[in-house]
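Student: Whenever a hint applies, use it, and build me the whole structure from the sequences.
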Amino acid sequence: MNLEKREIILREIQYWRRSKVLPEQYCDFLTNLYDDEAGVKDSNPISLRNLQQGSIKVWLFGFGIISLIFLISLYFSVFPWPLQLATALCVLIVCYGYSYIYRDRNNMISVVLAGIGSVLTLGFGLWLIALHDLDPDFWRPLLIAGCGLLWVVLGFFLRISLLHFCGFAFWALLYAGFFGQQRPDASILELELLYLPLCVLMVWLSWLLHHRVNGVSGVYLGVGVSLWIMPEVDALLLRQDFPQWVSLILILKIAAGLALLFIFRKKWITWVTS
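Numbered according to my numbering, the sequence shown spans residues 100 to 373.
If you're looking for bench data, these hints aren't it; they were derived computationally from the structure. Glycine is no exception: its CB is placed at the ideal position from the N, C-alpha and C atoms. Careful: at least some of the hints might be erroneous.
Unchecked claim - Pair ranges (Cβ atoms, derived):
hint : residue 1 : residue 2 : range
1    : M207      : S286      : 43 to 51 Å
2    : G279      : L225      : 14 to 22 Å
3    : P240      : L360      : 30 to 38 Å
4    : K352      : G279      : 16 to 24 Å
5    : S176      : L295      : 40 to 48 Å
6    : L272      : V371      : 22 to 30 Å
7    : L188      : G279      : 43 to 51 Å
8    : L357      : E289      : 41 to 49 Å
9    : I171      : L233      : 16 to 24 Å
Tutor: Next up, the structure:
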């Protein structure tokens, strides 16, 4: 409720009080109700109302945050490496910490802060690898594994499905890259055997956890569906010299997957919405 509507309602309550149309106790109740509502909304320091009123604390806070962002961006490369690591960790703790704080207050702010923290996690990691000339063949997979683990854990506890899914996606990318190096000449049958058991496992976990843990069943089902077509994606994008008929297999598997989803729609929709 904006300020103008609240003032209009309070004036009407005063009119009812003077004209004795409503009981005195009920008028007091309505007055306290709208006063309490305004107090709750004003408790948010970064609100449009506070910005409109020109609160010096809010504007100084915004100036400090913007200055800190520019300071880190400009001078991060000249910091000693312990300070670089500490700076990155502090920024990530602030982003994910406030994401947890706003989880029940404002879900949109929580998701945005978690997304910013996730992008910064990957960005700081790649930046540090480049700044210190670290071996990318070792440190980039390690960074991918660490990001995947962090996002799976935080996505689960913060109940952010997209973050949870991205964690599993990074693990799948690491899984594909590892076996791509170990078996660069793998056949399409080997690739099917490499991913389809994991697909079955994730779909089974989706069914197993849908009535025990809220908010994860849809993620596991989405991961399972992605792994269903992962062998063909691996063959076409990550490997060389695969025949064009693999694309036909991919189309057939997508059609089969959609058919299965349609046939069992009453079951998996129950898993996702539970």
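Student: Take the hints in turn and mark each one as holding or not.
Tutor: Results for each hint:
{"no.": "1", "hint": "M207 to S286: 43 to 51 Å", "verdict": "holds, 47 Å"}
{"no.": "2", "hint": "G279 to L225: 14 to 22 Å", "verdict": "holds, 21 Å"}
{"no.": "3", "hint": "P240 to L360: 30 to 38 Å", "verdict": "holds, 33 Å"}
{"no.": "4", "hint": "K352 to G279: 16 to 24 Å", "verdict": "holds, 20 Å"}
{"no.": "5", "hint": "S176 to L295: 40 to 48 Å", "verdict": "holds, 45 Å"}
{"no.": "6", "hint": "L272 to V371: 22 to 30 Å", "verdict": "holds, 24 Å"}
{"no.": "7", "hint": "L188 to G279: 43 to 51 Å", "verdict": "violated, 32 Å"}
{"no.": "8", "hint": "L357 to E289: 41 to 49 Å", "verdict": "violated, 26 Å"}
{"no.": "9", "hint": "I171 to L233: 16 to 24 Å", "verdict": "holds, 20 Å"}
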